[in-house]
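S.K.: Given chain A, put chain B in place with the hints provided.
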Amino acid sequence: MSILVNKDTKVIVQGFTGKEGTFHAEQCIDYGTNIVGGVTPNKGGQTHLGQPVFNTVSEAVATTGATVSMIFVPPAFVGDAVMEAAEAGIELAVIITEGAPVKDMQAAKAHANKHGMMTIGPNCPGVITAEECKIGIMPGMIFKKGNVGLISKSGTLTYEGANQVCNEGYGITTAVGIGGDPIIGLSYNQILPMFEADPDTEAIVMIGEIGGDLEIQAAKLIKEQITKPVVAFIAGQTAPKGKTMGHAGAIVSGSAGTAKEKMEALEAAGVKVVVSPAEIGKAIKEVLSR
Amino acid sequence: MNIHEYQAKQIFQKYGVPTPKGIMVESVKDAVIAAQELGGPIWVVKAQIHAGGRGLGGGVKLAKTLDEVEELANEILGMTLVTHQTGPEGKLVQKLYIEDGADIKEELYLSVVLDRTLEMPLIMASTEGGMNIEDVAENTPEKIITVPVDPAIGFQGFHGRQLAFGLGITDKAEQKNIITFAQKLFKLYMELDAEMIEINPLVKTGKGEFIALDGKMGFDNSALGRQPEIAAMRDLTEEDPDEVEAAHYGLSYVALDGEIGCMVNGAGLAMGTMDTINHMGGTPANFLDVGGSANAETVAKGFEIILKNPKVKAIFVNIFGGIVRCDRIANGILEATKITDVNVPVIVRLDGTNAPEAAEILKNANIENIIVASDLGDGAAKAVAAAKGE
Chain A
14 MSILVNKDTK VIVQGFTGKE GTFHAEQCID YGTNIVGGVT PNKGGQTHLG
64 QPVFNTVSEA VATTGATVSM IFVPPAFVGD AVMEAAEAGI ELAVIITEGA
114 PVKDMQAAKA HANKHGMMTI GPNCPGVITA EECKIGIMPG MIFKKGNVGL
164 ISKSGTLTYE GANQVCNEGY GITTAVGIGG DPIIGLSYNQ ILPMFEADPD
214 TEAIVMIGEI GGDLEIQAAK LIKEQITKPV VAFIAGQTAP KGKTMGHAGA
264 IVSGSAGTAK EKMEALEAAG VKVVVSPAEI GKAIKEVLSR
Chain B
26 MNIHEYQAKQ IFQKYGVPTP KGIMVESVKD AVIAAQELGG PIWVVKAQIH
76 AGGRGLGGGV KLAKTLDEVE ELANEILGMT LVTHQTGPEG KLVQKLYIED
126 GADIKEELYL SVVLDRTLEM PLIMASTEGG MNIEDVAENT PEKIITVPVD
176 PAIGFQGFHG RQLAFGLGIT DKAEQKNIIT FAQKLFKLYM ELDAEMIEIN
226 PLVKTGKGEF IALDGKMGFD NSALGRQPEI AAMRDLTEED PDEVEAAHYG
276 LSYVALDGEI GCMVNGAGLA MGTMDTINHM GGTPANFLDV GGSANAETVA
326 KGFEIILKNP KVKAIFVNIF GGIVRCDRIA NGILEATKIT DVNVPVIVRL
376 DGTNAPEAAE ILKNANIENI IVASDLGDGA AKAVAAAKGE
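Line order of the protein sequences matches chains A and B.
Numbers in our numbering are just positions in the first sequence, counted from 1, shifted up by 13.
Numbers in our numbering are just positions in the second sequence, counted from 1, shifted up by 25.
Derived by calculation from the structure, the hints in this document are not laboratory data.
Just so it is clear, the structure is predicted and the values come from calculations on it, not from any experiment.
C-beta atoms are modelled at their ideal positions from N, C-alpha and C, and glycine is treated no differently.
None of the hints are false.
Which stretches of chain A does chain B cover? Using the computed rule of at least three CB atoms under 8 Å from a CB of chain B, they are: (1) 159 to 169; (2) 191 to 205; (3) 217 to 225; (4) 244 to 252; (5) 288 to 296.
Taking lysine-lysine and the DSS-like style, the derived pairs with C-alpha atoms no more than 30 Å apart in a straight line are: (6) A/K233 / B/K168; (7) B/K338 / A/K273; (8) B/K130 / B/K86; (9) B/K241 / B/K86; (10) A/K298 / A/K157; (11) A/K273 / B/K413; (12) B/K209 / A/K127; (13) B/K168 / B/K86; (14) B/K89 / B/K120; (15) B/K413 / A/K295; (16) B/K212 / A/K127; (17) A/K298 / A/K285; (18) A/K157 / B/K388; (19) B/K168 / A/K273; (20) A/K295 / A/K285; (21) B/K241 / A/K273; (22) B/K363 / B/K388; (23) B/K336 / A/K273.
Bound conformation, chain A alone (with noise of 0.2 Å):
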């Protein structure tokens, strides 16, 4: 088992011919993930990395069957794609491309939820089950089949912790790069509770960023609802007041949002808090070992 995706999902492509799109859906074909074709307007009917390329993403649905986008398109149509996803009736959209406007976001972000459709992003590494199905952009070697389910702002942090995680001895069953960006997808909150419920996740590591209240809610649910041991790390101890560190969404002002405020919250929730991201395979095994 896992969460999301699985070696099952039927996996469409949107920004498919372009060069990033057919890069990284490349690379996926090649892990496993079960890519049934793509989206690119003006080249339907072709064929592309062996699969076929449709005009819009409803006849893609209605010819294929997929049921999640991975979406590379350039940063000013992100919004539109995504939209255009949700209308046809995809449940899940992984949305890659960074630099997308705020207020595109907002209105998609809107948009997927009045039609019940999932998203992850944008500006994210993706979604990776472990040795069954890549939606993004990660390097897959790392992620070795295990118990441990992961989720992260910061993608660089993502392979970091999963490397550790299989370096002592264990592995991933889901992990999921949920981006740093003011408007984001699924989030803290909304897979958590998957990763509870899932029979091969036995604890879970978590992966935050200053800025935002997204950890301080996460808190008050792991307190509620997760019985599973989590293992937390929490990146900008050491960013000064007032600047963007890359992520957007990585701003302090004034109180709100920083890394010490969220620890503590997670401590209180009784999450294994560390204070190195390189102390988060140790921390993994000290959970799994009790």
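M.R.: Okay, now just chain B, sitting in the frame of chain A:
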């Protein structure tokens, strides 16, 4: 991206949001000419820098005569203004805004921001104008009114009424004025891809009109491509020159106080690397995210920018390659040692895509001050030791 007060007010005026009349100047002589043109009888001389708290820092002063305008312009122009938002080094004042004095009956607060939890814009208002809004939020949260506006329906009458009644405005003409004001502000927030608008204070005049006495605006960087007029308002002199140069090469750089230069891929891992260094007793000299398209040239540039800082005693390169290929980073490091004089120890941790090839490249190059680390913890420990001269 942030803009100056005078630019925000130009935008307000274009959208019919009332502001006092004012003129931006860059010399004392022009300040006096501007004051004459405005006519008086009182003027406000305001420093234009991208930071709040200008009044308390001595950057906003009232003049009652043209001589006083000249005197104050002389005093403020060219001064280094220190406020709670500039940091101790302050900011050089290069522009002034000469503005008509306003008839102030009451000072209010009004802003539009994105509420990340509600996932829609939020109009925030308070009767406690002129104060630091964070303090108001902490001490008297009941004095802050919040009105979320769903862009799908736009600014409706009920949003306006919530705002007017929330602020305790009972006069019907005044209610109409504040509602129109907020409606126009919301319109420009949406149309211009603003990230934040803050008016503090928003002034109620003796006639019951509302005027934006101050104006701060920030914009969504991701939307600047479709907002060319806004993008043209960028003032590079307000930004750190090293950060601007780094951005030109696709690097995201922020200078800090410490001794260990950091070069990392990804914002999260970059912050996590800083945290690890700190935890091990060292101090990070900078945040540097090389981004997803790092190559030999960008890495070399990164070294050059890091080494400009004389405090740097060691550099920690920490890469977990996903899209970024480690062999390219390794070649970049070699390239950098050829172009720049890398006179401090460089601790290198390369993991992920093509890591074995990268290790081979570094080993064969056999450069004396390159120290290879096996993982994040090992690398941070070696960097801290190297910075201490151990």
